[in-house]
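K.L.:
Sequence:
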Amino acid sequence: MQEVRLMTRTHRKLEHVKYAMKMGDGPQSAHFKDILFIHNCLPELNPADVDLSADFFGKHLKLPFLIDAVTGGTDAVTEINASIAKVAAAAEVAMAVGSQYGTAKTGKSHASYTVVRKNNPNGLVFANVSAITTPEQAKLAVRMLDADALQIHLNPAQELIMREGNRNFRGLISNMLRIRDVLDVPIIVKETGCGIAAEEYKKLLAEGFKMFDCAGAGGTNFTAIEAVRNGKCPEEEIFHWGLPTCWSMIDAATCCGADNLLIASGGIRIAEDIAKSFAIGADLIGIAFPILSLIARKKDASAFLLEMGNRLSYYLMLLGCRIPVKLRKVPLIFTGTTKDYINCRRYNMAGLAKKRR
1 MQEVRLMTRT HRKLEHVKYA MKMGDGPQSA HFKDILFIHN CLPELNPADV DLSADFFGKH
61 LKLPFLIDAV TGGTDAVTEI NASIAKVAAA AEVAMAVGSQ YGTAKTGKSH ASYTVVRKNN
121 PNGLVFANVS AITTPEQAKL AVRMLDADAL QIHLNPAQEL IMREGNRNFR GLISNMLRIR
181 DVLDVPIIVK ETGCGIAAEE YKKLLAEGFK MFDCAGAGGT NFTAIEAVRN GKCPEEEIFH
241 WGLPTCWSMI DAATCCGADN LLIASGGIRI AEDIAKSFAI GADLIGIAFP ILSLIARKKD
301 ASAFLLEMGN RLSYYLMLLG CRIPVKLRKV PLIFTGTTKD YINCRRYNMA GLAKKRR
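In the numbering used here, the protein residues as written are 1 to 357.
Be careful, since some hints might not be right.
Unchecked claim - Below are the DSS-like pairs computed for lysine-lysine, each with C-alpha atoms no more than 27 Å apart in a straight line: (1) Lys210 - Lys62; (2) Lys118 - Lys139; (3) Lys33 - Lys118; (4) Lys339 - Lys62; (5) Lys326 - Lys339; (6) Lys298 - Lys203; (7) Lys210 - Lys299; (8) Lys108 - Lys62; (9) Lys339 - Lys329; (10) Lys118 - Lys298; (11) Lys326 - Lys210; (12) Lys118 - Lys202; (13) Lys86 - Lys59; (14) Lys33 - Lys298; (15) Lys105 - Lys62; (16) Lys202 - Lys339; (17) Lys202 - Lys298; (18) Lys33 - Lys59; (19) Lys105 - Lys118; (20) Lys210 - Lys59.
Calculated from the structure, these hints are not laboratory results.
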């Protein structure tokens with residue numbers, strides 16, 4: 001029976017990569033098109049003034065980007081994680097691995113994770129486990145990578161649709177607290193494509209969690225991937241479930257302060273969306289699918305990240321901001337359903353971009 005479970009997990013990991021490549025983003029929108037910048041014709045900057053670098057957990061990044069959780073847990077994807085690690089090292093960006101829960105539990109396929117430090121010895125690396133992981137398994141996941149921080153992922157929608165999924169969501173916060181008690185690295189609470197709402201940010205903040213990866217709807221849709229794996233119609237209404245990345249970040253801006261770390265991820269594909277993410281409160285930008293796609297096609301993913309940084313610098317120039325976090329001070333126009341969302345949530349539209357200092 002143990003061997004059957006291992007084979008099932010291996011097959012699932014491979015299918016996740018396969019269907020992520022095949023299905024792409026959506027059908028939800030991340031809703032960044034609903035945010036507009038106001039042009040600054042007197043930016044008072046020289047391009048040499050713009051600085052995209054950032055420091056997190058004692059590590060220096062050339063660009064404020066994170067290659068967010070992609071894969072791992074089976075020997076067949078070891079080369080993918082090796083390639084991602086090389087890209088992260090070359091571009092001097094952060095990276096996270098896919099869930100280590102299975103490997104920490106079974107002791108199998110360590111190489112799909114340990115290969116990361118071999119190829120990115122000095123980089124900023126995040127481990128990744130499920131919220132149901134035991135404290136000892138979480139410690140093992142961190143040691144496996146010599147990780148700088150641990151992502152604890154929440155994925156109830158995916159688990160409900162996954163035929164092998166865990167459907168008991170009781171006691172997750174209590175278990176996360178037990179994990180935190182035994183670790184000596186920071187914890188980042190992340191979703192996996194359905195976003196975090198203000199109500200849950202507040203619950204987590206009340207328990208002392210300070211770092212979040214919103215992982216909103218609009219990018220890779222693991223709920224849809226699981227349904228397709230199960231042979232279900234890819235047009236089911238559940239595929240539209242989740243809080244768009246833009247809305248999840250707006251919610252975060254209403255309850256998080258300067259002492260919190262916010263990672264914006266989920267369908268962020270162009271430099272303009274990166275700039276908008278910073279404007280509504282992000283500290284770091286997570287990108288996953290474009291990197292996986294480029295690696296699969298034997299393209300230079302590090303060059304893609306460097307060019308994305310170059311394009312981001314244009315927006316900083318056009319808005320008179322020397323560093324990305326200064327984008328929080330620029331005026332924004334909210335339109336469409338995002339404006340409706342802000343009004344329904346009774347947020348102060350004029351002050352949203354200035355909530356985090």
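K.L.:
Let me make sure I understand: some of the numbered hints might not hold for this structure. Which ones are they, in numerical order?
P.N.:
3, 4, 6, 7, 8, 12, 14, 15, 17 and 18
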